[in-house]
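Work out the full structure: start from the sequences and follow the hints.
Quick mapping for you: the protein sequence lines, in order, are chains V and E. Under full-length UniProt numbering, the first residue of the first sequence carries the number 1, and numbering increases by one thereafter. Under full-length UniProt numbering, the first residue of the second sequence carries the number 1, and numbering increases by one thereafter.
Hints are computed from structural coordinates only; laboratory data are not their basis. All values reported here derive from a predicted model rather than from experimental measurement. Note that beta-carbon positions come from the ideal geometry of N, C-alpha and C, so glycine has one too. There is no bait here: all hints are sound.
Simulated restraints on C-beta separations:
(1) E:T339 to V:T259: 25 to 35 Å
(2) V:T38 to E:G245: 49 to 59 Å
(3) E:H170 to V:D175: 45 to 55 Å
(4) E:E151 to V:A278: 56 to 66 Å
(5) V:E260 to E:E227: 46 to 56 Å
(6) E:N206 to V:S234: 39 to 49 Å
(7) V:D175 to E:N230: 40 to 50 Å
(8) E:V363 to V:W222: 51 to 61 Å
(9) E:E227 to V:Q382: 33 to 43 Å
(10) E:S290 to V:D210: 44 to 54 Å
(11) V:A278 to E:D178: 48 to 58 Å
With a straight-line Cα cutoff of 25 Å, these simulated DSS-like cross-link-like pairs (lysine-lysine) come out:
(12) E:K199 to E:K209
(13) E:K207 to V:K130
(14) E:K268 to V:K256
(15) E:K428 to E:K394
(16) E:K126 to E:K140
(17) V:K86 to V:K69
(18) E:K201 to V:K130
(19) V:K124 to V:K86
(20) E:K246 to V:K124
(21) V:K246 to V:K319
(22) E:K199 to V:K130
(23) E:K278 to V:K361
(24) E:K209 to V:K69
(25) V:K319 to V:K276
(26) E:K432 to E:K442
(27) E:K209 to V:K130
(28) V:K15 to V:K86
(29) E:K279 to V:K361
(30) E:K350 to E:K279
(31) V:K361 to V:K246
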Amino acid sequence: MNFSEVFKLSSLLCKFSPDGKYLASCVQYRLVVRDASTLQILQLYTCLDQIQHLEWSADSLFILCALYKRGLVQVWSLEQPEWHCKIDEGSAGLVASCWGPDGRHILNTTEFHLRITVWSLCTKSVSYIKYPKACQQGITFTRDGRYLALAERRDCRDYVSIFVCSDWQLLRHFDTDTQDLAGIEWAPNGCVLAVWDSCLEYKVLLYSLDGRLLSAFCAYEWSLGIKAVAWSPSSQFLAIGSYDGKVRILNHVTWKMITEFGHPATVNNPKIVVYKEAEKSPPLGHLAFPPPRAVAGPLTSSESKYEIASMPVSLQTLKPAADRANPRIGVGALAFSPDNYFLATRNDSIPNAVWIWDIRKLRLLAVLEQLCAVRAFQWGPQQPRLAICTGGSKVYLWSPAGCVSVQVPGEGDFQVLSLCWHPSGDSLALLSKDHFCLCFLEMEEGVHTAFGQRGDCT
Amino acid sequence: MGDWMTVTDPGLSAESKTISQYTSETKMSPSSLYSQQVLCSSIPLSKNVHSYFSAFCTEENIEQSISYLDQELTTFGFPSLYEESKGKETKRELNIVAVLNCMNELLVLQRKNLLAQENVETQNLKLGSDMDHLQNCYAKLKEQLETSRREMIGLQERDRQLQCKNRNLHQLLKNEKDEVQKLQNIIASRATQYNHDMKRKEREYNKLKERLHQLVMNKKDKKIAMEVLNYVGRVDGKRGSWRTGKTEARNEDEMYKILLNDYEYRQKQILMENAELKKVLQQMKKEMISLLSPQKQKPRERADDSTGTVISDVEEDAGELSRESIWDLSCETVREQLTNSIRKQWRILKSHVEKLDNQVSKVHLEGFNDEDVISRQDHEQETEKLELEIQQCKEMIKTQQQLLQQLATACDDDTTSLLRDCYLLEEKERLKEEWSLFKEQKKNFEKERRSFTEAAIRLGLERKAFEEERASWLKQQFLNMTTFDHQNSENVKLFSAFSGSSDRDTPTLHSRSRQKKPHGVPSGSPVCTSKLTKSLPASPSTSDFCQTRSCASEHSSSISVLNITPEETKPNQVGRECAHQKWSMSSRPGSQEVCYSGCSSTYTNSHVEKDDLP
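Pasting the structure below:
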């Protein structure tokens with residue numbers, strides 16, 4: 001495992017291009033495009049103001065920079081550096097901007113969700129979509145980029161509109177039986193749309209592409225409901241994380257619940273491996289990822305390692321404040337591994353732990369208890385490898401073979417607040433408040449084999 | 001008798017005062033007298049009795065007392081004390097016999113009474129104690145009763161309280177339920193109210209939005225615009241098409257196509273899965289059939305009609321399946337057939353497996369325990385056995401030693417033949433072989449012996465020379481008498497002993513032994529050394545070792561040297577040749593030629609070594 005040198009960054013804006021060739025990062029009002037492997041600067045663009053949002057087009061040819069404060073969107077071309085495009089939303093304001101799946105259209109949401117403007121880079125045509133709903137996740141494209149589902153709110157009722165992305169024609173428009181729709185999400189196969197209600201009401205509705213209601217699911221009433229929803233990459237399972245600290249998994253045949261994963265604070269099953277991060281003062285001799293010889297300076301901060309805790313293990317729990325809104329309870333983050341075999345979850349009342357579930361056996365496989373609260377985790381796009389960051393100077397990797405804690409080298413404290421995988425899964429961008437660096441996982445064969453050994457995890 | 005004696009005794013004047021008193025008393029109440037007498041009798045004081053009787057009867061009132069007694073006695077039913085009077089005038093005579101009889105009777109009576117009294121007293125005491133005990137018991141029981149009564153009251157009270165509590169709790173529960181209901185209602189009403197308000201607000205909000213929209217969007221905001229250097233081409237390279245009904249229809253078509261594709265894909269998957277499962281089922285069935293067929297007879301014998309038919313079914317099915325490729329058909333009948341047959345077979349298999357399992361578990365349970373115990377016992381037994389064997393071996397060695405010694409002391413022909421007869425045939429065979437070997441050895445030894453004798457003669461000569469030398473040396477020593485020299489010589493001697501044993505480098509030994517010769521102990525006579533050399537075959541030393549020894553003896557090194565050598569050299573050899581050694585020793589009786597008389601020391605040596613072996 002090698003680390004690149006540290007580069008400047010602002011607003012955690014750092015993204016690999018979809019084809020994996022480039023890496024775009026923002027420093028205040030500058031957009032820097034680098035080669036993803038050599039990290040040499042390929043292009044440098046200057047925007048009018050601080051960039052607040054950055055997005056690659058699907059074909060990796062254009063980069064969108066949103067300057068919400070100014071209501072501006074600036075688009076840059078990688079092929080033609082002199083080419084530029086500026087979209088001004090004027091007095092309507094701008095709160096969100098995203099690419100259409102073809103990479104030639106930009107969808108801008110105005111302030112107060114008055115409308116969504118669809119700008120085309122090919123023609124002068126501008127389309128407007130009225131009444132978009134201001135919610136957690138109101139826009140979703142199918143993975144093949146054919147359809148857009150949009151949550152709308154009209155006359156105090158929730159609607160879902162399905163558009164054909166090629167010509168932005170409305171395909172279906174139907175009302176959903178929700179009190180206050182909170183989010184929509186296409187299944188990866190693009191045939192089923194999951195719609196869920198706000199946390200006040202536990203309700204998941206599943207619609208077919210043609211607008212038929214396939215099924216509705218409600219686990220309980222009265223108390224706070226759904227917190228997060230995730231489809232498995234095979235579209236076979238829908239995982240619903242809720243405020244009661246459980247994940248419920250629906251199947252795609254009957255749309256009934258097939259299992260329920262609780263997140264108890266004490267783990268007492270010898271089959272489950274609990275990796276406990278432990279501080280370690282002397283430098284590790286048997287670290288699976290040897291610190292890079294070239295870049296590594298003297299390791300200043302204390303290192304940590306994983307220990308396999310003996311059963312029963314009681315995890316650190318957070319007492320939620322009952323009098324506050326959005327209490328820190330329930331499963332707030334969940335993600336399937338790309339091969340469908342694993343599900344990683346985080347129960348917000350046990351913020352230090354990441355739970356990894358075996359989907360083939362439908363049981364808990366491992367629990368990783370960190371020293372700090374888990375900030376983010378993301379599955380590697382090719383292999384079932386989970387990268388975790390806790391806001392400290394370490395990055396944690398889990399694979400079915402075991403897990404490691406890796407110190408990010410460099411002078412000063414590099415606090416990893418977020419991370420994103422390269423599409424190939426070979427490298428990982430680690431983002432701190434105003435820096436980022438790349439972490440290359442597989443430079444040589446030896447490292448790969450070392451990663452696969454369980455003995456290295458301790 | 002005592003009484004009478006007291007009567008006859010002259011009264012004591014000292015107690016005359018009380019006499020009258022007593023008499024008056026007795027006169028008044030003879031019963032009291034009796035009682036007193038009884039009382040007194042308990043205290044066996046002859047003095048008291050004596051005084052009492054003397055008080056009752058004095059010289060003066062003999063007559064009176066007699067008559068009184070007579071009266072009393074007659075009233076009690078005793079015969080009169082007086083003789084039957086012949087004449088009324090004549091004074092009645094005291095009948096001594098009667099008196100004595102009376103007395104005796106009285107005494108008997110009194111004894112009886114005493115006994116009875118004692119009995120009564122003991123009984124009384126017993127009863128008294130019983131009474132006390134019972135009273136105690138009674139008191140205790142009363143107390144118990146009291147406490148239990150109190151307890152009961154307490155329990156009753158508690159019961160009542162608990163019931164009360166229960167009632168309260170029930171009430172509370174009911175209240176809580178009501179409360180819950182109420183709260184749920186409240187929540188529901190609030191939710192509806194909230195929703196209503198939300199809707200109202202949303203409407204307002206929508207109105208505002210609409211207004212804002214009109215204001216912002218319809219003003220023809222110049223700012224809302226897109227500056228673009230040049231329009232880029234579409235990804236597919238086509239131009240955008242107009243929105244018409246046609247495109248709409250096309251979109252619909254496409255959508256349905258996608259959906260259809262998805263469903264088809266899913267169906268295909270399901271079909272594949274089904275096929276896979278069917279394959280598994282088929283395989284399972286085949287395997288089951290093959291598994292069950294060898295023990296077909298058994299279940300048929302045992303099982304009732306149903307299983308029998310099932311098996312026949314199975315066979316039929318197998319035939320059917322093999323000739324028909326019905327697996328691709330997923331019609332009801334085939335499915336049913338398949339599932340039914342599988343189910344039946346499964347049942348058979350299950351029962352069979354269960355049976356087996358039971359057996360196995362039984363066996364395992366028993367076997368396991370036994371095994372566990374046996375293994376430990378085995379271990380102990382084994383160790384014991386081994387120890388015993390060792391003991392036996394040791395004993396055998398000892399006996400052999402003794403035997404050898406005996407033989408050595410008296411190796412008559414008779415004994416040897418006797419011993420020979422003792423051996424088994426196999427042993428005889430072996431012994432014969434060894435015998436021949438030994439013969440050869442013997443020859444060798446004979447040769448050696450000759451050489452040894454020669455050497456001994458030579459040694460004697462040398463010895464003489466040595467003696468002379470020694471004398472001269474001693475003289476010299478006397479001349480310059482220093483302790484240092486003496487020590488030095490001793491050191492040298494020790495060194496020689498070691499070197500002679502450790503390495504069989506004959507030339508060096510030769511030279512050394514020659515050097516050491518002067519320091520040899522004079523007690524080691526040449527005869528003795530020769531004897532020792534003869535004993536060599538007993539020790540299982542290799543030929544070259546013999547050589548060294550012979551050399552050593554040739555040069556008449558001290559006995560101490562010889563004694564040390566086997567000990568020093570053996571550790572390597574003994575391990576290898578122990579068995580051989582043993583046998584050679586046992587076969588020794590055969591070799592008569594060898595003289596054992598002088599060998600005891602070497603044998604013991606070898607024996608010691610053997611002991612060290614384990």
